[in-house]
Each structure stands twice: as structure tokens, then as C-alpha cells.
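Engineer: Residue numbers (this note's numbering), protein chains in the order written: chain A, 1 to 319; chain B, 1 to 313.
Derived by calculation from the structure, the hints in this document are not laboratory data. These numbers come from a predicted model, not from an experiment. Treat each hint with caution, since some may be false.
Claimed, not checked - Within a straight-line C-alpha distance of at most 20 Å, the following computed PhoX-like cross-link-like pairs (lysine-lysine) qualify:
hint: 1; chain 1: B; residue 1: Lys278; chain 2: B; residue 2: Lys65
hint: 2; chain 1: B; residue 1: Lys45; chain 2: B; residue 2: Lys278
hint: 3; chain 1: A; residue 1: Lys159; chain 2: B; residue 2: Lys113
hint: 4; chain 1: A; residue 1: Lys159; chain 2: B; residue 2: Lys45
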Amino acid sequence: MSTVTHPSGERARPGRPAPRPAPSRGLVSRGRELGGRFFNGFSHLFLVVWAVMVIYPLLWVVMSAFKDDSEVIREPLSLIPDKLHWDNFTRAWGEGHLGAFFLNTLLVLVGSVFLTMLLGSMAAYVLARYEFPGNRLIYYMFLSGLTLPIYLAAVPLFKGVYNMGIVLPLLGPNRHLMLILVYVAWSLSFTVFFMHSFFRTLPDSIAEAAMVDGASHSRLFFSIMLPMAKPGLISIGIFNVLGQWNQWYLPTLLMQSVAGEPKNQVIAQGLIELSVNQGYKSDWSGLFAGVTMAMLPVLIVYIVFQRQVQSGLTAGVSK
Amino acid sequence: MRHGVARFVTGFLALPVALYLFYVVWPFAQAAGYSLTNWGGYSDKQEFVGLDNYVRLFSDELIRKAFWHNVFFLVTVPLFTIALALFLAFLLNVGGREDRAGIRGVFGSGLYKVIFFFPQVLSLVVIAVMWQQIYRSDNQGLINGLLMKIGLVDADNPIGFTADPEPFLGVPAVLWWLLFIAVWSGAGFYMVLFSAAMQSIPKDIYEAALLDGAGRFDTFFRITLPLLRDTISVAWVYLGFIALDMYALVFVMTPSQGGPNHASEIFASVLNFTAFQKGQFGYACAMGVALAIFTILLAALQLRITRRERIEY
């Protein structure tokens with residue numbers, strides 16, 4: 001490719017017809033060029049159709065969130081509301097408790113992602129770089145969590161948390177701290193698995209040099225190894241943020257609201273509740289506002305960091 | 001020095017291992033134990049019944065139904081998602097114009113990748129609630145509304161979507177509609193995954209093929225696809241797990257979480273109903289163990305089938 005030199009100014013630009021190849025292959029390539037143009041058109045057509053199929057429903061939800069109820073019923077399909085009804089959002093935020101659920105989710109997420117990353121990397125680091133009896137056993141124990149379905153553990157997990165709450169109320173059902181610890185525990189398998197392979201690839205020479213300079217094991221980890229593993233940390237961090245933000249089964253199981261206590265549930269539960277309630281309240285616009293609020297922040301963050309999110313998540317899967 | 005290492009290793013492992021043991025390993029182990037009892041969950045009454053629960057599983061109509069629904073998703077979710085993702089990736093990377101430098105990707109492929117990826121960052125609950133509205137069976141639903149407008153659907157006889165138990169190709173219609181959502185939400189992610197894999201194939205392989213006179217179809221089917229084998233098999237395994245986890249869609253979208261008339265029941269929904277509505281914890285745990293064994297066998301099988309010699313490049 002780079003061996004072909006173009007005289008300056010004559011470089012083929014995308015969108016213009018390509019320069020003619022050697023005459024002996026002219027006929028073949030002209031036919032190909034035609035086929036190529038047709039195929040290019042077909043590709044765009046199909047890709048645009050799929051893009052519309054992805055965007056149109058999302059846009060419809062966001063736009064319906066700005067309509068008032070009578071408009072949702074009268075003009076369900078229109079993408080342009082008469083007027084921007086911000087009150088749907090205030091209603092969903094306040095009466096639907098989504099505001100509180102939102103803050104709960106954030107609170108839990110900050111704690112759980114931080115702890116998952118810290119504890120996950122610590123365990124992965126030790127397992128990847130230190131020889132000791134039981135190393136393999138602990139590694140495979142973490143790994144086994146990748147295949148087991150969460151539903152199997154549901155009943156005993158619920159009971160364990162319930163019993164724990166009798167002794168230590170802070171770790172009982174419907175408590176933020178409990179949910180943080182459960183998220184961390186359930187995220188460890190993949191985090192350890194992923195970071196393990198990452199720490200294995202780091203060079204020994206730097207570790208040795210640091211040890212010669214008198215660094216302790218934990219200092220070596222925190223000031224040298226952890227910074228060197230940054231690309232891996234970002235990937236798995238994105239993976240955990242999205243995964244824990246999107247959790248619904250664990251909170252549904254463990255964060256049931258208790259009468260007389262503050263509502264500690266997370267946003268996914270709030271949405272399910274809203275979608276169930278709306279059945280008899282028929283507050284459609286409020287529901288659309290709720291979905292929009294649960295959807296937009298993540299989408300905006302994704303659009304800003306799309307490169308990192310895409311490469312982070314695909315690395316998470318293909319490693 | 002050795003003493004220091006031991007202390008360091010223990011210190012670093014203590015907390016993660018303790019959390020993992022308490023919240024993951026211990027519940028799994030207990031589930032296996034409870035599955036041998038007739039524990040109801042809310043009382044202390046608990047008798048050892050041996051393998052009775054497992055025997056009961058085999059004669060349970062509902063479980064049999066749920067099992068086949070799981071199998072349906074297990075086959076269709078990976079199949080349709082991967083086929084569509086590969087097709088989109090093919091268009092994206094091979095669909096552009098052709099010039100002396102070879103075949104280009106289509107113009108704007110970066111933008112397409114950003115858009116197609118949208119559903120991946122949304123939670124299953126958001127997607128489920130959103131599609132609940134899209135699938136509504138009156139003119140307020142996006143699909144029924146649009147189709148009524150152009151006269152393809154009769155206003156008195158709208159499409160039932162997730163409330164439709166009538167079989168289509170031998171499978172309840174509601175399952176096909178749930179499948180559609182799963183494919184809709186997954187295709188973009190796997191397209192990005194396949195695109196990344198395609199781009200890591202060295203350019204000189206394509207140049208050699210171009211010199212030999214290979215067109216874009218030949219190149220794709222004879223070079224790109226075989227070299228993507230590893231990535232596709234990884235995707236297959238992951239989609240297999242996702243297919244087993246269709247519970248969020250069933251939970252939010254179907255009437256009485258597994259309805260109508262048990263037409264969308266899957267393992268997880270039967271398990272939850274048995275445990276938390278009917279209060280048969282012991283039996284529910286047996287279902288869980290059966291599901292776990294099924295999952296592990298499947299994972300092993302998939303890895304075995306898809307394993308092949310790696311192509312190094």
C-alpha cells in the first residue's frame with residue numbers, strides 16, 4: 001500500500017472515483033467499480049436502516065417524556081411534543097422517588113466500584129505474581145463464579161443477608177453497605193480473572209529493581225504495579241461501572257422496601273415499580289420521563305467516552 | 001523476608017476471599033444442601049428428603065416447558081445475534097468503494113459503531129420497560145401505532161406481542177418477541193467486537209489476496225471469516241450465558257412473570273416463583289443446582305466444540 005507514491009495533489013480522495021489502474025486490467029476493474037458502487041449503496045442503506053431501528057425507539061421515549069398525558073394518548077407517535085412538559089420529570093423525580101433512587105444508585109456505585117477495583121486487583125496481583133500453597137485453589141475458586149448462575153444462590157443469599165442483619169443491622173436487607181459488599185463479591189470473579197492475566201504480563205525486572213531499592217511488597221504494588229496496570233484497570237473499571245449500574249436482580253432480591261424505613265432501593269427497582277404502578281395510575285408521561293432519566297446519563301457518558309467504553313468492553317469479553 | 005511475604009499475601013487476600021466466600025461460595029454450597037431437603041424457607045421445619053426434589057424435577061410439566069424455552073433462547077440468541085453482527089461488520093468494513101489501495105470500509109463507519117453500541121450501555125431493565133411501551137397492544141404502542149397508521153394492522157385486532165401465547169413455528173409468539181429485543185440489544189456490541197478483530201488482521205494478507213484477484217466476497221469468506229473463528233467462538237460462549245439470563249425481560253415484560261399461561265416461562269422464572277411465591281425453597285434449590293449443572297456442561301461442551309488450532313499471525 002505504501003509503496004504506491006502519488007504525485008502531490010493527485011492523491012485519490014474518498015468520494016472521488018479512484019484513479020484508473022493499468023489498462024490491461026481496465027475492463028475487469030471497471031466492472032468491479034460498478035459492483036463496488038452498487039454494494040457501497042446497499043451497505044449504506046442497510047446500515048442506515050439498522051441505525052434508525054436503534055435510535056428511533058430511544059428518541060421516541062425521550063420525546064414522549066416531554067408530552068403531557070393527553071398528548072401521549074392523542075398523538076402517541078409524534079416525535080415533536082407541543083410543549084416541553086418538564087413537570088413529568090419533576091413528578092417522576094419526586095413522587096416516583098426516582099431522585100432518591102438515583103442518589104442511592106450513585107452512592108452504592110461509588111463504594112462498590114472502588115472496592116471491587118481495589119480488592120480485585122489486590123487478589124489478582126497476589127495470585128498472579130506470588131507462589132504459595134493454595135494459590136491455584138483460590139484462583140479456581142474465583143473462576144468458578146463465572147459459570148454459576150446467580151439464581152442458584154438466590155435463596156441462601158437472601159437468608160444469609162437476613163440473618164446477618166439480625167446481628168449487624170448495617171449489613172442486613174435494604175442497606176446500602178450490604179449491597180456494596182454483595183456487588184463487590186459478585187464482581188470479583190471477572191475482575192480477578194481479567195486483572196490476573198494483566199499482572200502476569202508486567203515485566204519482572206522492574207519489580208526486582210524496586211525490591212533492590214528497598215520497596216516493600218505493598219509499596220511495590222501501590223506505587224509501581226498498579227499504575228502500570230492502568231489500561232487494564234480502565235477496561236475492567238468501565239465493565240464494573242456499567243455492570244453494577246445496570247444490576248437489577250440482586251437489588252430486587254435484597255433491597256425490598258420496608259415500611260417506615262427510608263427507601264433505599266436503586267434506580268432499576270424504581271423503574272420496575274414505576275412501570276407496574278403506571279398500569280393503574282396511567283401516568284404514561286411520568287414513566288417515559290423515568291426511563292429517560294435512567295437512560296440519558298449513561299448514554300451521554302458513553303458518547304463522551306465512546307472510544308474507551310468500546311475498547312474497554314470488547315477487551316473485557318475477548319480476553 | 002519469607003515471613004514478610006506470607007504476611008503480605010495473607011493481608012492482600014483476606015478481605016476479597018472472605019467476601020467472596022460469604023456472599024458467593026457459601027450460598028452456592030448451601031443451595032446444594034437445601035436441595036436435598038423439603039425446607040419451606042419461612043419456617044425452621046426442614047427434613048432431609050434425599051434426591052426426591054430431583055426426581056420431582058423430571059416429572060414437572062412446568063419445568064419441562066421452561067427447559068425447552070431455555071433451549072430455544074440458547075440456540076436462537078447466539079445464532080441470530082452473531083449472524084446479524086457479522087453481517088453488519090461485513091458491510092461496515094467491506095462495503096466501501098474499491099480503489100488501488102484495496103476495499104475501503106464505508107464512509108462514516110465510526111458513527112455507525114457509536115450508534116449501534118447504544119443498547120449495550122443501557123440496562124436490561126431500561127430496555128425492558130422501553131420495549132414494553134413499544135410493544136403495547138393499542139395505538140399508543142410504537143409498532144402497533146405505526147402499523148395501524150399505514151393500515152397493516154386492524155385497530156380492533158392489534159399485535160399482542162408479549163401477551164401472545166399462540167405458537168409461531170412451534171414456539172410461543174411471546175418468545176420470538178423477546179428474542180427480537182435480545183438480538184436488537186446485542187448485535188451492536190458484537191459488531192464492534194468483530195470489527196475490532198477484523199481490523200487486527202494484517203493488511204498484507206489482504207494485499208496478497210487482492211493481487212491474486214480476489215473480490216470482496218471471496219476475501220471475506222475465505223480470509224476474514226476463518227481468521228475470526230476465535231472471536232466468534234468467544235462470542236458464542238458469552239451469548240450462551242446471556243441467553244440463560246433472559247429473566248429480566250420475562251420479569252418486566254410478560255404478564256405474571258412467565259405468562260401468558262406460562263408461555264414464556266424459563267428456568268429462572270420458575271425458580272423464583274417456586275421459592276418466593278410458593279415457598280418451596282428446597283425444591284427451588286434443586287432447580288438451581290440442575291440449572292448450574294446444565295450451564296457448566298454447556299460451557300464445557302461449547303469450549304470443546306469451538307476449540308481448534310489457533311491461527312497465529
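Engineer: What are the numbers of the hints the structure violates, in ascending order?
Structural biologist: Result: hint 3 breaks, nothing else.
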